[in-house]
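Enquirer: Sequence:
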Amino acid sequence: MKTIFALFLIVAFITSGIAAQNPSDTLNQVDKSGKKHGYWKKYDVDTLKYEGRFDHGVPVGEFIYYYVSKNIKARVTYSENGTVAQNIMYFPTGAKMAEGKYVNQKREGVWLNYDGYDHVIAEVEYKNGLKNGSSKTFYPDGGKLEEGTFMDGERDGLYIQYYPGNIVKIKGMYSKGKRNGPFAFYYPNGIVYTSGKYVNNIRQGDWTIYDEENKPIVKETIKDGDVIAREVYQKDKDPEEIRKKDAEIENKNKGNTSPDNGIKDERFDGY
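To convert a position in the sequence shown, counted from 1, into this note's numbering, add 437.
Fair warning: there could be bad hints in the mix.
[Stated by the list, open to error] BS3-like, lysine-lysine: derived pairs with alpha carbons at most 25 angstroms apart:
no.: 1; residue 1: Lys564; residue 2: Lys606
no.: 2; residue 1: Lys660; residue 2: Lys634
no.: 3; residue 1: Lys656; residue 2: Lys608
no.: 4; residue 1: Lys660; residue 2: Lys674
no.: 5; residue 1: Lys672; residue 2: Lys660
no.: 6; residue 1: Lys478; residue 2: Lys510
no.: 7; residue 1: Lys689; residue 2: Lys656
no.: 8; residue 1: Lys573; residue 2: Lys533
no.: 9; residue 1: Lys486; residue 2: Lys573
no.: 10; residue 1: Lys533; residue 2: Lys478
no.: 11; residue 1: Lys543; residue 2: Lys473
no.: 12; residue 1: Lys613; residue 2: Lys674
no.: 13; residue 1: Lys608; residue 2: Lys533
no.: 14; residue 1: Lys564; residue 2: Lys478
no.: 15; residue 1: Lys573; residue 2: Lys473
no.: 16; residue 1: Lys608; residue 2: Lys573
Keep in mind the hints are simulated off the structure, nothing from the lab.
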């Protein structure tokens with residue numbers, strides 16, 4: 438009887454030892470080819486960087502990445518043999534920062550960016566890691582800030598920028614990342630401030646500036662970005678004249694801003 442009981446204790450001890458080793462046996466392991474296999478927790482010294490499961494070197498299912506503070510930095514769900522990854526990124530506060538999809542480690546499809554308060558501030562389409570298609574940015578209240586399109590990572594096509602309240606501020610055409618074609622800039626009341634044409638980011642031809650009642654102030658003829666002719670209709674509103682007056686006032690005020698009226702203080706001579 439004593440022998441049977443002793444054997445029982447030995448078996449129980451061995452079994453409990455094996456059970457205690459199982460968690461460590463299946464953590465941070467590699468297969469015969471040296472590829473990560475099973476559940477992994479990756480540390481940088483004592484800081485957990487990520488945790489997730491590998492299948493012979495291929496990430497599968499959900500991975501969680503961490504800040505040094507131990508707050509979650511990102512949640513990534515892998516599928517399609519590890520080639521597709523649905524990604525949600527977070528600010529250190531825990532608020533959502535961005536979400537979208539990676540295909541072969543490159544951004545693909547629609548990506549959303551957030552401001553840290555659950556407001557979408559950007560909605561951009563990607564293809565093969567580059568901006569391709571629609572691109573929109575928003576004010577925190579949800580109103581449009583900018584909208585346009587991209588091709589192979591460069592702005593291309595109609596571009597519109599807005600004041601708060603969905604009022605157009607700038608409207609123009611882009612080609613291969615450069616302003617090309619008609620452009621107009623607007624007052625907050627919707628009236629055109631100035632309009633003209635760009636060629637490869639350089640103003641060309643006639644550009645007219647208007648007042649807020651849509652009356653012309655000045656027309657400038659431009660060649661390769663340089664003004665070669667000006668026709669003024671309202672001198673008191675001409676930006677060039679206003680700049681001259683501001684410069685004259687500034688020059689008159691120079692030397693009269695200190696309490697000693699510009700008299701040199703020898704105490705600071707040479708310092």
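Enquirer: Hint by hint, say whether it matches the structure.
Expert: Hint by hint, here is what the structure shows:
1. Lys564 with Lys606: violated, 29 angstroms
2. Lys660 with Lys634: holds, 11 angstroms
3. Lys656 with Lys608: holds, 19 angstroms
4. Lys660 with Lys674: Roughly 23 angstroms separates the two Cα atoms, so the pair holds.
5. Lys672 with Lys660: holds, 23 angstroms
6. Lys478 with Lys510: Holds, at roughly 15 angstroms.
7. Lys689 with Lys656: violated, 30 angstroms
8. Lys573 with Lys533: holds, 18 angstroms
9. Lys486 with Lys573: violated, 33 angstroms
10. Lys533 with Lys478: holds, 23 angstroms
11. Lys543 with Lys473: holds, 22 angstroms
12. Lys613 with Lys674: violated, 36 angstroms
13. Lys608 with Lys533: This hinted pair is violated, its Cα atoms lying about 31 angstroms apart.
14. Lys564 with Lys478: violated, 32 angstroms
15. Lys573 with Lys473: violated, 40 angstroms
16. Lys608 with Lys573: At roughly 14 angstroms apart (the allowed maximum being 25 angstroms), Lys573 and Lys608 satisfy the hint.
Of the numbered hints stated above, those contradicted by the structure are hints 1, 7, 9, 12, 13, 14 and 15, listed in ascending order.
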